[in-house]
Structures are given as structure tokens and as C-alpha cells.
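**Student:** The chain contents come next:
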Amino acid sequence: MSLVFLIFIPILAALFIPLLFKRLGQIHTGWFVLLVPAALFLYYATRLPSVMEGGTYVSELSWIPSLDIAFIAYLDGLSLLFTLLITGIGALVVLYSIFYLDKHREQLHNFYVYLLIFMSAMLGVVQSDHLITLYLFWELTSISSFLLIAYWYTRDRSRFGALKSMMITVFGGLMMLGGFVLLSIMGGTYSIRELIAQAPELAQHDFFIWALVLVLLGAFTKSAQFPFYIWLPDAMEAPTPVSAYLHSATMVKAGIYLVARLTPVFALSEVWMWLVAGVGLFTMVWASFFALKQKDLKGILAFSTVSQLGLIMSLLGVAAAAYHVEGAADTYLKYAAFAAIFHLINHATFKGSLFMIAGIIDHETGTRDIRKLGGLMSLMPVSFTVALIGSLSMAGLPPFNGFLSKEMFLTAMLSLQEFNMFSMDVWWVLFPIIAWIGSVFTFIYSLYFVFHTFAGKHQPEQLPKQAHEAPIGMLISPVFLAALVVMIFFIPNLIGDWLVKPAVAAIQPFLYDSPQNVDIHVSAWHGFNTELFMTLGIFAIGGLMFWTLRKWQHLYDLYPDSISLNRLYDEMMLLSDGGANRFSRIYMTGFIRSYLVYMFSFMTFIVLLTLFLNEAFQIDFNNLAPIGVYEIVILLALVGATLTILGSKSRLTAIIALGAVGYSVALLFVIFRAPDLALTQLVIETISVALFLLAFYHLPQISRKEERMKFRFGNALVALGVGVTMTLVALSAHSQKAMPSISEFYKETVYKEAGGGNIVNVILVDYRGFDTLFEIAVLGIAGIGIITMIRLRLTKKEGQHENK
Amino acid sequence: MRTNDVMLQTATKVVTFIILMFAVHIFFAGHYTPGGGFVGGLLTASAIVLLMLAFDIPTIKKILPINYVVLTAVGLLIAIATASASIFFDVPFFTHAYDYFDLPLFGETSLHSALLFDIGVYLVVVGVTMTIIQTIGEDE
Numbered sequence: 001m002s003l004v005f006l007i008f009i010p011i012l013a014a015l016f017i018p019l020l021f022k023r024l025g026q027i028h029t030g031w032f033v034l035l036v037p038a039a040l041f042l043y044y045a046t047r048l049p050s051v052m053e054g055g056t057y058v059s060e061l062s063w064i065p066s067l068d069i070a071f072i073a074y075l076d077g078l079s080l081l082f083t084l085l086i087t088g089i090g091a092l093v094v095l096y097s098i099f100y101l102d103k104h105r106e107q108l109h110n111f112y113v114y115l116l117i118f119m120s121a122m123l124g125v126v127q128s129d130h131l132i133t134l135y136l137f138w139e140l141t142s143i144s145s146f147l148l149i150a151y152w153y154t155r156d157r158s159r160f161g162a163l164k165s166m167m168i169t170v171f172g173g174l175m176m177l178g179g180f181v182l183l184s185i186m187g188g189t190y191s192i193r194e195l196i197a198q199a200p201e202l203a204q205h206d207f208f209i210w211a212l213v214l215v216l217l218g219a220f221t222k223s224a225q226f227p228f229y230i231w232l233p234d235a236m237e238a239p240t241p242v243s244a245y246l247h248s249a250t251m252v253k254a255g256i257y258l259v260a261r262l263t264p265v266f267a268l269s270e271v272w273m274w275l276v277a278g279v280g281l282f283t284m285v286w287a288s289f290f291a292l293k294q295k296d297l298k299g300i301l302a303f304s305t306v307s308q309l310g311l312i313m314s315l316l317g318v319a320a321a322a323y324h325v326e327g328a329a330d331t332y333l334k335y336a337a338f339a340a341i342f343h344l345i346n347h348a349t350f351k352g353s354l355f356m357i358a359g360i361i362d363h364e365t366g367t368r369d370i371r372k373l374g375g376l377m378s379l380m381p382v383s384f385t386v387a388l389i390g391s392l393s394m395a396g397l398p399p400f401n402g403f404l405s406k407e408m409f410l411t412a413m414l415s416l417q418e419f420n421m422f423s424m425d426v427w428w429v430l431f432p433i434i435a436w437i438g439s440v441f442t443f444i445y446s447l448y449f450v451f452h453t454f455a456g457k458h459q460p461e462q463l464p465k466q467a468h469e470a471p472i473g474m475l476i477s478p479v480f481l482a483a484l485v486v487m488i489f490f491i492p493n494l495i496g497d498w499l500v501k502p503a504v505a506a507i508q509p510f511l512y513d514s515p516q517n518v519d520i521h522v523s524a525w526h527g528f529n530t531e532l533f534m535t536l537g538i539f540a541i542g543g544l545m546f547w548t549l550r551k552w553q554h555l556y557d558l559y560p561d562s563i564s565l566n567r568l569y570d571e572m573m574l575l576s577d578g579g580a581n582r583f584s585r586i587y588m589t590g591f592i593r594s595y596l597v598y599m600f601s602f603m604t605f606i607v608l609l610t611l612f613l614n615e616a617f618q619i620d621f622n623n624l625a626p627i628g629v630y631e632i633v634i635l636l637a638l639v640g641a642t643l644t645i646l647g648s649k650s651r652l653t654a655i656i657a658l659g660a661v662g663y664s665v666a667l668l669f670v671i672f673r674a675p676d677l678a679l680t681q682l683v684i685e686t687i688s689v690a691l692f693l694l695a696f697y698h699l700p701q702i703s704r705k706e707e708r709m710k711f712r713f714g715n716a717l718v719a720l721g722v723g724v725t726m727t728l729v730a731l732s733a734h735s736q737k738a739m740p741s742i743s744e745f746y747k748e749t750v751y752k753e754a755g756g757g758n759i760v761n762v763i764l765v766d767y768r769g770f771d772t773l774f775e776i777a778v779l780g781i782a783g784i785g786i787i788t789m790i791r792l793r794l795t796k797k798e799g800q801h802e803n804k
Numbered sequence: 805m806r807t808n809d810v811m812l813q814t815a816t817k818v819v820t821f822i823i824l825m826f827a828v829h830i831f832f833a834g835h836y837t838p839g840g841g842f843v844g845g846l847l848t849a850s851a852i853v854l855l856m857l858a859f860d861i862p863t864i865k866k867i868l869p870i871n872y873v874v875l876t877a878v879g880l881l882i883a884i885a886t887a888s889a890s891i892f893f894d895v896p897f898f899t900h901a902y903d904y905f906d907l908p909l910f911g912e913t914s915l916h917s918a919l920l921f922d923i924g925v926y927l928v929v930v931g932v933t934m935t936i937i938q939t940i941g942e943d944e
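Taken in order, these protein sequences are the chains called A and B. Sequential numbering from 1 applies to the first sequence in this note's numbering. Sequential numbering from 805 applies to the second sequence in this note's numbering.
For the record, the hints were derived by calculation from the structure and aren't laboratory data. Where hints are given, some of them may not hold.
[Unchecked claim] Listed next, the stretches of chain B that the computed footprint assigns to chain A, with coverage defined by at least 3 CB atoms under 8 Å from CB atoms of chain A:
| # | segment |
| --- | --- |
| 1 | 815–821 |
| 2 | 858–868 |
| 3 | 882–891 |
| 4 | 896–902 |
| 5 | 906–912 |
Predicted model only: the values in this text are computed from it and were never measured. Glycine is no exception: its CB is placed at the ideal position from the N, C-alpha and C atoms.
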């Protein structure tokens, strides 16, 4: 089967979800959904052996050939790793959700449709080789994330969180699109592979630095880096399976993926290296510091996710440094890319299990407030074990996988000393120090998460529900992930060979010809070296600080909320919302006559300006058709009817006179041999007079008084302007032919190519079918608009809530 | 609004069918002679409006139990489906196809995919016009 079609399988499966939910409601819809990621995981896993050897797969589906846009699925080590994460964690999360979401109370059809859309989108992001389709899938992940966060849409916090995440990630996405367009202008292609091939030339280009910054904005917003991370804690309003899946294991790693994927393109620039490493490291220490301020279990995990993403990001920055060092494959710098990918896998396992445990606690006790929890160890032994394994792995303790990757992280940070480009002698020291501080706080919040929930005193009176162990089905996924956490510690090199090295080779193609050349061996013990002493320091200082946590945690409350980034976001939203509102109020009067005045004035202005700029005021009275009696008579009737409207005292007279104007115009069409127009005009006039009569009763009160309208100079001016403009356009169009008339083209092709005889209708349905399609769409919208305005009018049910 | 104009009602009973048949003719003839889905739809709508003027809306709703919003949606779907169908023949979006066939009773006839699109236009025009008129007319 073609790889590119596999991307769309989840979205196609989503089409059947509502049906399955309605017809087979007694079976939890999740069981059907589970098949999709599970089957995809197994299929993609069969590709592992050849990708491990350095093989790649490409599959293409043309989409818009005229713009050179295509879906290109490109499977190499990096994209296969992400694909397996998406489908693998996806299957576990769906399994967990079957027990988490009640089939009778929840709107499962919505939930699973969004989840499957997300799955397709995410597969598309990590497999697309074409930048434009990558962008498309990228935004689709933002949209599905928005829908999933707002899944419980009756809650204010859910809607707020959804909007916030959408605002920030879509802003980043748009910036990224700008970066992609610049890249394509520089390289002349949208293909990532082709761009990588010409990376050295791109680096010389003027746009290069702009493209770099814009693309990084996209990656940083998506991967919740400082200062854009603020959306992630609010996104925790989503159901826990969603938080575990989107906001920890997959979607937030899309930014990491993008940075990794584009490293070969941008790594030649030092700006890239410093930005990625610096922002990543700062995010890591910032978020780990503030994780301890959180009182909500999922809040702690959200900040910890931000921090861990920063860690991976900073490693990718250091990995870019390898491009600047001769023979980097022989130095310690080579560990950075490996550590980044390795930690990404480890993070998915331990954080996924921790999120699921947080969900279980919420489910079984009714609260996620860590101040109310405590002493659950004996009540929920299995959950406690899983949480302990996950937390200790996150803290970087052996024998869990987090220890290995944390150790390599420190190695990579220390390796910066080998990178002495512009007098880095002093500055490189900052990196390991900041990394160490971040790790200390990581250690503390990991222990905080697990021990303040499970140890200490049980407070049953604080809990809304009687706490008990979760059902077995809910525990399968977290237990499985926790088992992986332990297993990876003992078989790190197997994971390294199968998953990590192929991805590393994709990030640093200039260093390695094939995954086998990545010469890295992971071992838990490598003698007494700096890293080990740093780790021991983390345990000692971290342990001490955790012991005294209660004494100093209240210091966080000293930090004022008024200068937080969240406050900045809120203020910006209020400002733009209120500002836009005030601006609109200036000209939106609610009277259609005002709007008509705006439209006609601008139309006159623009057309006259164009005529003037193109010097089109040449009027030629040659070749005019003779004026007959009929024309004169009709024109007199037309003018007479128009004057009647202006002078009429009653609205009824005006309506009838307006009808007369319309019919006279129709007659003119007849005389000028335009039967189609005449026919349409006649019917339209008939129907609009009928409409006028129907609406007569509802027209504004003022005009129902029998009173002539006042003369308004402004309106007269606009009316005169429109008349003069149209006359000038008609005369000018007649007098000069800038281009040959298109009617000849229609006459020639209408029968031969379009197979029709009536040019007007063939234009409508064929030549300009697009216009017609959109016009009827607009018509439909107008119809719905009128229904909403009249039938669902709010004034009818005054005093009632609009949603009732 | 209850009208009891016998002359109008009697004439309407005849005229409506003439208008409707003319609308059908105009619709099918559209590709070669004046007409098409837009005018055809407007004419159909005007026939129904005439019925509504001569009798009253509840009566007409009983005779023609059509949900015009659904009609609009169906029309839009037909139009977009016709336009997209070309993708499956590996030609650009909105490419029409036509050929001439020898049909019994009609003789040589041109069958054109544009006609399908026009049906969509026709239904949308009827649907929207009637939606607007009915909604405003029923509102008191």
C-alpha cells in the first residue's frame, strides 16, 4: 500500500465514528477506534528493519500540480520514530480513554472524531517532505487540539484554554509559513530534501536569517518554549487522555521534530545554534522552577512537560554545534543529537504514564488538588508504583531510562567546552551550570508530584469521592509504559540501534553516511567523571531542598501575578477585542443606508481614480448605434419612474415605481437583444416586488408616516457621483479598446470546447463555474442568515438565556 | 393573511402549471438557448410565490411539504459533487464532460455534466428564494 494514503486512514476512519456511535452505542466507540492506531503501528513497525539500515521510503500524491503542491510521504529514521510514537502512544491512549470516558455520559462521537483527525494531521506533519502540506497538517493539529481542549465546552476554563492555545500556536504557524515561503524563494523548491542538499548556498542568502527566525517561532510556539509556553498549562482543561497524548507525547513534540528535521538546513548558522540551545535551556530551568508553584497535579505535569521539551530543544541546539566543529563525530558533541532523541522516547514513556496516573487520581478521588491529596499509597498501590517509576525516571534516578538520558544531557552540555569558536572560553560554563540548576528543580518537583500525592496523611474528608484503585482496564496503559521505562534502562543499546541512531543520522546527515556509523554506546556506568559528580550533586541538593520544601514553597506566592506572561496575554486579548469593538462601532451604525453610502462612495472613488490614473477620459462618439423611438420611450419611463420614487409620499408608491424601473431596464435588455438578462431581470423584479410587499409591514416606523424624505446633500452627492462614474466608464469602454474583446473567444469556443450554444449560460456553469459555485454558496449563507435574524430573533424571548 | 379572491385563485391554478412547465423548459434549454438553472429556479420560485399570494402559506405548506433549507443544502452538495467528480478522472477540478447520444423519443441529444451542476444551481436558487420569502412572510 502506498505510504501517502496511510496518513489519511485515521481521518477516513473518523467518517464512520458518528455512525458507529449512533448504531452500536452499547459498545464503547473506543474499541473500534483502537484498531486504527494499533494496525498502523504494526504496519509501520515492519518498516523498521530496513530503515535501521539507512533505507528510506518516498511516496507521492499530486494535489495541485499547477502550483507544484503535492503530498509527499517521506519515511526515514526521524519520521519513522515519530510515526511509531504517534501510533503507539495513540493506541495506548485510546485504550485508556475507553475506561476514562463514560459511554453513556460523554459525547464520544465528537471526541474520537477529533482524535482521529489529530492522528492524521500529526502523521502528516512528521512524514511530509513538502513544506506547504507540512504547514497544512501543522495547522490541522492546532485545530484538532483546539477542539479537544474545548471538548467539555460548557466549562469556561476549557473554552479559554482552547482559544489561548489556538491563538498562540496558530500565530506561530503563520510565522512558520512565512519562513517556509522564504525558504522556497531562496531554494526554488518546497521539498525539504532538496533544500537540505543546497544548505550551504542558502546560508549565504539575505533572507536566510529571516527564514530561520520565522521557522523557529513556529517551532517554539508549538513546543511551548519560553515565552510562548503559557498556553500549555491552560490546555490541561482537556480530558486527561488528550493531555497525555497531544500535550505531552506527540503534538508538543512537533516543534522538536521541525527543529530536528530542519537542522541540516539551518545548522550552518550560529544564530540557530544559540537560539535553539539558549531558549531551550532557559525554558528548561524556568519551567522546572515554576513547576513547584503549581497546586494542580496536571499543572505540575504541564510545567514539567514544558521543562523537558526545553531540555530536548537545548540538546538539538548543541547538536547543531557539531556542524561547526571539524571531526565532530570524534568529540563528545556527537552525544547531543543522540541524547535528544533518546530523551524524547524516554519522556514519552514516563510522562505518558504520569499523565494517565494523574487522570486516574482525578477519576477515583474527584480532585487533582495536591493539597487535598495524600496517603493514597495504601489505597492505590498499583497507581503508586507506576507513579513512582515515572517520577524517579523523570528525576533521573537509576534504574530507570531517565537516568541514562539525563546523564547524556549533562555530557552534551559539558561537551560545549570543545566548541571554542568565538572565545567561548567563559560563556560555555553557563550552559552546564544552568542545566544543573534545572535538573535540581526537576528532581524536586518529581518527588513533590509523587510523594505529596501518595505519601503523607490521607484526608478523606477533603476528597469528593471515596478513593479506591482504578479498574484494571484503566491501568493497562500506564503499567505498560512504566514497564517500558524500566526495560529501556536495561536494553538502551537495542533502542539506540533500532530507533535512535536512524533518527540521529537524519538530523546530522553530514556526519554520518548511515545509522551504523553513529558510534555511540550507552552504558549506565562510565566511571567517576564530571557527569556523575553533577548527578550526585543533584540528588544531594535536590533531596535536601525537597525535605525542606514546606518551609520555602510559600516564597512562590511572593511572585506577583500582575507581571506574569499570562497577564500579558490577557491584556493583549482584552485590548485587541475592545479596540476592534470600539473601532467597528464608529462606522457600524446598523442602518443599511449608511452602508450603502460607504459602498457607493468608495466604488466611485476607486473607479474614478483608476480612470484618472490610466488617462481613460478619452471619449469617442464614433460608431454609435442609432437611437430609436423605443429606446427614447423606455428611457423616459425609466427616468419618470425614478423621479416618482424620489418624490413619492407613501412607501407603497415607491415600491411600485421601483418595480417600474426594473421592468423598464428589462425592456431595454430585450431591445438590445439580451434575452437571458431580460428574462432574469423580469423574474427578479417580480419576486423582489413580492418580497417588498411581504416586508412592507416590517419596514422602519419612520417611513410609514406619510411624509416625504428630506433632501440630503451628502446622499445627493454620492448618487450623482455614482451616476457620473458609470456614465464615464460606459463611454470610456466604448471609446477605447485596450484589449481585444473576450466575446470573440467565447464565440469560437462555446460550441467546440464547451459543447453549448448559449454563451451566457455556458459562462455561468462552465467558463466561470467557480464564481457560480461560490455565488450559490453565498446565497445559501444569506438564506441561513435571514432565518437566524428572523426566526431565532432574541428580542422574542427577552429575559431568557440565549442557549436555552 | 387569508385571501378569498376567487378570480385570482382560479387563474392561479392554471397559470402556476404553465409557469412551472416553462421553468422546466427554460432550465433544460439553457445550454443552447436563453435560460438556465438560475432563471429556471427563479421562475419556479415565482410560481410558488404566486400560489402563496393567491392562497395562504399554511395551505401551500401542506401541498408542498418541502423544507427549503434542506433543498438548498442538497443543491449545494450536487454542485460541489459535480465539480469535484472530475478529480476522480484525473483532470483538474471543475472540468466538465459532454457527449452526444441517440436517445429514444428525443433523437440525438447532448448530455452534459454542466447540466448536473445547473441542477445544483436551480435547487439552491429555489431553496434560498423560498426560504427568504417564507421566513419573512410567516413572521408577524
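**Student:** Which of the listed hints are broken here?
**Tutor:** 1, 2, 5
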